[in-house]
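Fit chain B with the ligands to the known structure of chain A by using the hints.
Protein chains: 2
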Amino acid sequence: DKDTAIAVEHIVLAAAAKGLGTCWIGSFNEQKVRELVGAPEHLQVVALLALGYPAEEPPPRPRKPLTEIAFIEKYGQPFAPPADPRKDRCKS
Amino acid sequence: DKDTAIAVEHIVLAAAAKGLGTCWIGSFNEQKVRELVGAPEHLQVVALLALGYPAEEPPPRPRKPLTEIAFIEKYGQPFAPPADPRKDRCKS
Ligand SMILES: Cc1cc2nc3c(=O)[nH]c(=O)nc-3n(C[C@H](O)[C@H](O)[C@H](O)COP(=O)(O)O)c2cc1C
Ligand SMILES: Cc1cc2nc3c(=O)[nH]c(=O)nc-3n(C[C@H](O)[C@H](O)[C@H](O)COP(=O)(O)O)c2cc1C
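Line by line, the protein sequences are chains A and B.
Under the numbering used here, the letters of the first sequence match residues -12 to 79, in that order.
Under the numbering used here, the letters of the second sequence match residues -12 to 79, in that order.
Next comes chain A alone, as it looks inside the complex:
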């Protein structure tokens, strides 16, 4: 699953670089898809990817702040990037 997700996401980003939009689809009837494309039973269908020229350019959706999703040293200890990275590097 992870290997495939990595490969699919590279397709997503390569498509985006060419102005194409995609939509990850993880919820589908695996047996039906297998029949449709004639894939053998021993293969697992991990994902479908819709691909096309986007009709709209929606603004980026809100994201959680980094301090809420990134921790430093210990789980729960919010990671805050140094305000000025150069300052941080010259502590000696």
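The hints are simulated quantities; they were obtained by calculation from the structure and are not laboratory data.
Please note that the accuracy of each hint is not assured.
It does not matter which identical chain is used: a pair holds within one copy or between any two.
In the DSBU-like style, the derived pairs of lysine-lysine whose C-alpha atoms are separated by at most 30 Å in a straight line are [as the list claims (entries may be wrong)]:
1) Lys5 - Lys61
2) Lys51 - Lys5
3) Lys51 - Lys61
Quantities reported herein were computed from a predicted structural model and do not represent experimental measurements.
Coordinates of chain B with the ligands only, in the frame set by chain A:
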């Protein structure tokens, strides 16, 4: 797993864009990692990612040809990109 793999791979690519090398690590003692970072039991540790400035720049590893891994319409029918895409588009 897929959501996390996507997020981690974006970190991999962002790191690469800054000249940093990474190594996906999927094989580890989950309980030990959880203890080390103090993560609660209800969270699954999906991956570790080693990050650093690369000491070497190995040449790209050999890749399977596209015709071996990409099929068109049906599983097993090798996808060969058209030699001249413009020709292909002007069939009318
Ligand atoms: C692993 C994965 C599976 C998804 N499966 C579906 C799906 O079955 N149907 C669907 O409409 N969208 C699916 N999506 C798309 C999401 O609903 C969402 O539109 C997309 O991740 C973009 O949202 P974001 O801008 O908040 O990242 C999936 C996304 C991911 C990452
Ligand atoms: C999901 C995943 C898990 C991995 N787990 C490990 C690991 O546990 N230990 C390790 O040394 N490398 C691990 N790797 C790294 C691979 O062994 C390999 O070095 C990397 O994918 C680059 O190889 P490539 O150039 O052929 O793509 C993992 C890679 C992926 C994608």
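Numbered hints the structure breaks, given as an ascending list: When the structure is compared with the hints, none of them turns out to be violated.
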